[in-house]
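Novice: Just so you know, the protein sequences line up as chains A and B, in that order. The opening position of the first sequence corresponds to residue 1318 in the working numbering, with each subsequent residue numbered one higher. The opening position of the second sequence corresponds to residue 1318 in the working numbering, with each subsequent residue numbered one higher.
Since the hints were derived computationally from the structure, they do not count as laboratory data. Given the structure is predicted, the values throughout are model-derived calculations rather than measurements. Mixed in with the good hints there might be a few duds.
Since copy identity is lost for identical chains, a pair holds within one copy or between any two.
Pairs of lysine to aspartate or glutamate, EDC-like flavour, derived with a Cα cap of 20 Å [said to hold, decoys possible]:
#, residue 1, residue 2
1, Lys1609, Asp1542
2, Lys1326, Glu1487
3, Lys1464, Asp1530
4, Lys1396, Glu1592
5, Lys1326, Glu1351
6, Lys1609, Asp1459
7, Lys1464, Glu1592
8, Lys1396, Asp1587
9, Lys1464, Glu1487
10, Lys1609, Asp1530
11, Lys1396, Glu1422
12, Lys1609, Asp1463
13, Lys1464, Glu1495
14, Lys1396, Glu1381
Protein chains: 2
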Amino acid sequence: MSGAPLFGKVVVFGVGLIGGSFALALKAAGQAGEIVGFGRTLGSLNQALQLGILDRVGFNVGQEVSNADLVLIATPVGKTAEIMARIAPCLGLQTVVTDGGSTKEDVVAAARMHFGERIGQFVPAHPIAGAENSGALAARADLYRDKQVVLTPLPENGPQRVARVRSAWECCGGVVRELTAAEHDRIFAAVSHLPHLLSFALVHELARRDNRDLLFGFAASGFRDFTRIAASHPEMWRDICLANRAALIDELDRYRAQLDQLRDALQRGDGTVLETTFDVARAARREWAERKRQE
Amino acid sequence: MSGAPLFGKVVVFGVGLIGGSFALALKAAGQAGEIVGFGRTLGSLNQALQLGILDRVGFNVGQEVSNADLVLIATPVGKTAEIMARIAPCLGLQTVVTDGGSTKEDVVAAARMHFGERIGQFVPAHPIAGAENSGALAARADLYRDKQVVLTPLPENGPQRVARVRSAWECCGGVVRELTAAEHDRIFAAVSHLPHLLSFALVHELARRDNRDLLFGFAASGFRDFTRIAASHPEMWRDICLANRAALIDELDRYRAQLDQLRDALQRGDGTVLETTFDVARAARREWAERKRQE
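Build the full structure now, drawing on both the sequences and the hints.
Specialist: In structure tokens, the structure reads:
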């Protein structure tokens, strides 16, 4: 890599899996001059320093963001608004801000409230790189490689700022796509938030039974895969579910209607409905897996 | 391996994943003198011959089972009764019969009807070695290695026949456990049949939407794992769901009650209920994974 890095100074709020991996990836690409981090605990910040995620721990938010080229907000969704309120008055004119939140309409609403006239400097993003592990220790430079990163640009952003944030995520190895925030939230309610809720619900249901040890003792590979996402971060998923609850409730209701139909078929002993449902699902799942393999 | 094999002649009905792997494993262990197969199509039987699963394709059921030491019924659950009816009148006195069915109360009921006074010769089994692939091509000698195999012995079996069938599954590498058929069906409704139904239901729900390509295009690793079992065999899972429908409906109803509670929490914006549910699920899932790793 020759020449000056694309981003001289990068400030990261939240040095867990998302923020830590972003920092490591930008550094590995040689596109970050200096990375300064803020976090909830000194422990996690020191860990991030030791892991080489950060060059420096920040103490004065206003001072650090005033001359930053790029800011990433990668705290839990529930803390995003607070960070926005703190950085909004201090942003340099050249600073672009992005985030790593799993929901976008709520983030955009908070951004409009807190950034005010500077809303154009905030380009919302969602990197699709979930993992059941969290924290700085889980961060890795290749987390975003070949993963989709959804930007939900605002009319106020203008093409230069969108291009700049796009290039940051592309430097991390991401494949950038654009959606509106509303489209994003509908899609992810269906393919991510609902499956997480369903997986948590199954494990919770079994975990509270008297014979839980017997049940879990016979759980095998199907259960393992179905419930992998039930080991996800409870606070993060609470925030995601609440932030996207209108779309999630709608998806949940459609799903419950599916279950009602399957229950009726079971009750009637209607093998045709069951087999047709399973057959459509298998064909779609196989087609999806085949397309993913070709990507 | 020295000395005579434990089973001189083995007859397998159904040469797919379960029956084919059983045959390959017994051969690899040197414990099957000759393996004779019956199947639904000549194509699959010829494939099994070519893959070295069978020594010979059977044509006369009565003749083949009359001097067999061990018979495995590994057809789809819906065909089990028909096979039982055909073999029951011809079983040799020394023959023990086992099966590979995923449900047990229905199999035992069918066995009682068709084996009559010879019911003691049938020792029901369920090897816990699911895979989303099926057919002879998917069979492998190590499918059962370190996997649990549940026997649900009948009072009429007597200890010798149970020991003999146990040793067959142990030769395949299985870890044999014993349950009653009723216990088995309750447990597997909860940890296997329900998760499959839930996974099929999600993919089916999304697959029938106009924007399915957009939705699937953003599905990532959480979706991949949650829906792996939605690529399972539709006919097999129709039969399992119907065979175990009383227990499955009961599990489905408990699960729907869980979803109702989560929906209420979402509607109220009650983050505490969500986080507590997710937290209990994560702790139980992690504990389960840890125990599995130590096994």
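Novice: Run every hint past the structure and note whether it holds.
Specialist: Now for the hints, and whether the structure bears them out:
1. Lys1609 / Asp1542: Both, since 18 Å and 13 Å are each at most 20 Å.
2. Lys1326 / Glu1487: Close inside one copy (17 Å), not across copies (63 Å); limit 20 Å.
3. Lys1464 / Asp1530: between (37 Å within a copy, 18 Å between copies)
4. Lys1396 / Glu1592: Answer is between; shortest inter-copy Cα gap is 16 Å, intra-copy 46 Å.
5. Lys1326 / Glu1351: Classified as within; 5 Å inside a copy, 73 Å across copies.
6. Lys1609 / Asp1459: Classified as within; 19 Å inside a copy, 28 Å across copies.
7. Lys1464 / Glu1592: Intra 34 Å, inter 28 Å, cutoff 20 Å: neither.
8. Lys1396 / Asp1587: Between. Shortest inter-copy distance 17 Å satisfies the 20 Å Cα cut-off; intra-copy 49 Å does not.
9. Lys1464 / Glu1487: Close inside one copy (10 Å), not across copies (44 Å); limit 20 Å.
10. Lys1609 / Asp1530: between (37 Å within a copy, 12 Å between copies)
11. Lys1396 / Glu1422: within (15 Å within a copy, 53 Å between copies)
12. Lys1609 / Asp1463: within (11 Å within a copy, 31 Å between copies)
13. Lys1464 / Glu1495: The answer is within: 14 Å in one copy meets 20 Å, while 45 Å across copies does not.
14. Lys1396 / Glu1381: within (19 Å within a copy, 71 Å between copies)
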